[in-house]
Amino acid sequence: MPPAADGETDPAPGCPSMAPHNDLEAFHEALRSSRRILALCGAGLSASSGLPTFRGAGGYWRSHDATKLATMRAFRTDPGMVWLFYGYRRHACLRAKPNPAHRALAALARENGDFLCLTQNVDNLSQRAGHPSRQLCTLHGSLFDIKCSADGCGWTQRDNFDDPFCPPLAPASEDPPPGESLPLLDPYHRIKHIPEEDLPKCPRCKLGLQRPGVVWFGENLDADVINGINEWMSRGKVPADRWTRDRLPLT
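In our numbering, the protein residues as written are 15 to 265.
Since the hints were derived computationally from the structure, they do not count as laboratory data. Treat the hints with care, as some may be off.
To be verified - Simulated crosslink set (DSS-like; lysine-lysine; CA at most 27 Å straight-line):
#1 K220 to K206
#2 K82 to K206
#3 K111 to K206
The structure displayed is predicted, hence computed values, not measured ones.
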């Protein structure tokens, strides 16, 4: 997949150039005067709901670089550890609540049928805020979708909110006493290794392990999602091929 563009890009022919600024009133006016609106949202949207962004100084979970856990290589090496990481994130997301930004985007979508939100978040908070599904593209999947890890199987389960996802992941769904930290998050606290045979297998092929339904580093975005976005873009003034080349940071 092509890398994200560095620096600024020239606006597409026929599209006005809008320099970023902090004038809130001007922003409101731009929203009121715009018919077709595209928003790209990242981890900062859910930070106010108390969810970690795993960026910068907070990019480690226990002693692990979070970006290194979000790979198929890590899953093949230690699926139990990867599932503990995602089990912890699932539990945190279930306890979190949508914040005013989620609700504002959902309200904008209900008022403007030509508004499309592209979210890189996998936390399900936009959906819980009432964002219409046809105006929300989950670019990186969902923590609450499960799929088979075997190549070519294709089994998927949507909206699995089991907490814990399976019994061996119970430590990831514990809540610490008030004022105390979760032992799971302490890199010096030894945790029980979860063998591969204790994790659920795919019910279809019986070979692959079930894995989180998210897009890991090195994986392509879902083709149906991209095609849907390109179709929306094709109805406007920005050529779809320019959007996929310059606008979206793909991994």
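Task: Violations among the numbered hints - done: 3
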